[in-house]
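Undergrad: Mapping to our numbering: the sequence shown position 168 is 411, numbers consecutive.
These are calculated hints, taken from the structure and not from any lab test.
No residue lacks a Cβ here, since even glycine has one placed at the ideal position from N, Cα and C.
Some hints could be false.
What the hints assert, rightly or not - With a straight-line Cα cutoff of 25 Å, these simulated SDA-like cross-link-like pairs (lysine to any residue) come out:
# : residue 1 : residue 2
1 : K296      : R285
2 : K296      : V321
3 : K296      : V345
4 : K296      : G431
5 : K296      : G307
6 : K296      : L331
Claimed, not checked - Here are the simulated distance ranges between beta carbons:
# : residue 1 : residue 2 : range
7 : L393      : D338      : 43 to 51 Å
8 : G452      : V256      : 33 to 41 Å
9 : V256      : A366      : 27 to 35 Å
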Amino acid sequence: MRELVVLGTASQVPTRQRNHNGYLLLWDGQGLLFDPGEGTQRQMLLAGVSASKVTRICLTHVHGDHCYGLPGVLSRMVLDGVRHPVDLHYPASGDDVVRALVSLATPGLDLRLLPHSGPGPVAPGLVVHPLDHRIEAYGYRLDEPDGRTLLPDRLAAAGISGPDIGRLQRDGSFGGTGLEEVSIHRPGQGFAFVMDTAPCPGAGVLAEGADLVVAECTFSDDDADLADRYRHLTAGQAGALAGSAGVGVLVLAHFSSRYADTGELAAQARATAGDAEVVAAEDLDRIPLPRRRPTTRR
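Work out the full structure: start from the sequences and follow the hints.
TA: The structure is reproduced here in structure tokens:
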């Protein structure tokens, strides 16, 4: 299962309807928790997801609304008896803050601190790129490796069936027939997480061709001056990011408390998002990864 569980969508100030940040990506048995703000532990309970599902935690930066929920989540994992290791990724400049937060958690979890200080891979399939915020910040990109989709008619024509199909996939050929002769290229799915940032090259690299992108949408286009001052995206800028990058689904989040209704923000994003589907996230939403994009049969 590949699904995004939205735990909170508020920016600096939570509201009666919106908790601080928190996003859990369920991906092939992994649970990647992004930017757990205050109250994330309780939001996980309300969303019906166990803390034991978390295998990796990714912090974009160490502003409080993106990390102050960390001690509670870690303590809950200890209480629940989690035995698997948990990797914690974060900007190296925030090391003192992260270590202070971790020190508040109940001991007993195999937590591995993995600071990064530049762009590049941080785990298999997971890369980071710098964003443009008031402090050091990075976005995350998770990619599935490309693969091959077998074509039943070509398998039948080649006389390959049953266990021989597994041998073909494992070895790349069987009985003189190569895998490429009976299959087509299947592009891997991609997910990007772009939080607090002004428009910047790193955001574009992260979003390029992604099936699903979570992007901050702190301000309306009408408040572009505030967005520029505080190094955030407006709704239209978030939409333009998705449109120029060829994104499948854009999930808007991290809303300022000044907007009780996000409908206008979504409309502004759709106006610039091209073919991307735009979703204004609500707390406790569960958003599946979209179906794979069609490939050309050759």
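Undergrad: Taking the hints in turn, state whether each one holds.
TA: Structure-based check of all given hints:
Of the pairs offered as hints, the one joining K296 and R285 holds, with about 15 Å between alpha carbons and a cut-off of 25 Å not exceeded. A C-alpha spacing of about 13 Å is found between K296 and V321, which places the hinted pair at or below 25 Å, so the restraint holds. Under the criterion of a C-alpha separation no larger than 25 Å, the hint pairing K296 with V345 is consistent with the structure, at around 19 Å. Using a Cα cut-off of 25 Å, the hinted pair K296 and G431 holds, with the two alpha carbons roughly 23 Å apart.
Taken as a hint, the K296 and G307 pair is honoured in the structure, with Cα atoms around 23 Å apart against an allowance of 25 Å. For the suggested pair K296 and L331, the alpha carbons sit about 14 Å apart, so the restraint of at most 25 Å is met. L393 and D338 have their C-beta atoms about 47 Å apart, which keeps the hinted 43 to 51 Å range intact. Checked against the hint of 33 to 41 Å, the C-beta distance between G452 and V256 comes to roughly 34 Å, which is consistent with it.
Under the hint 27 to 35 Å, the C-beta atoms of V256 and A366, about 32 Å apart, fit the expected range.
Consistency with the previously given hints is maintained throughout, with no hint failing.
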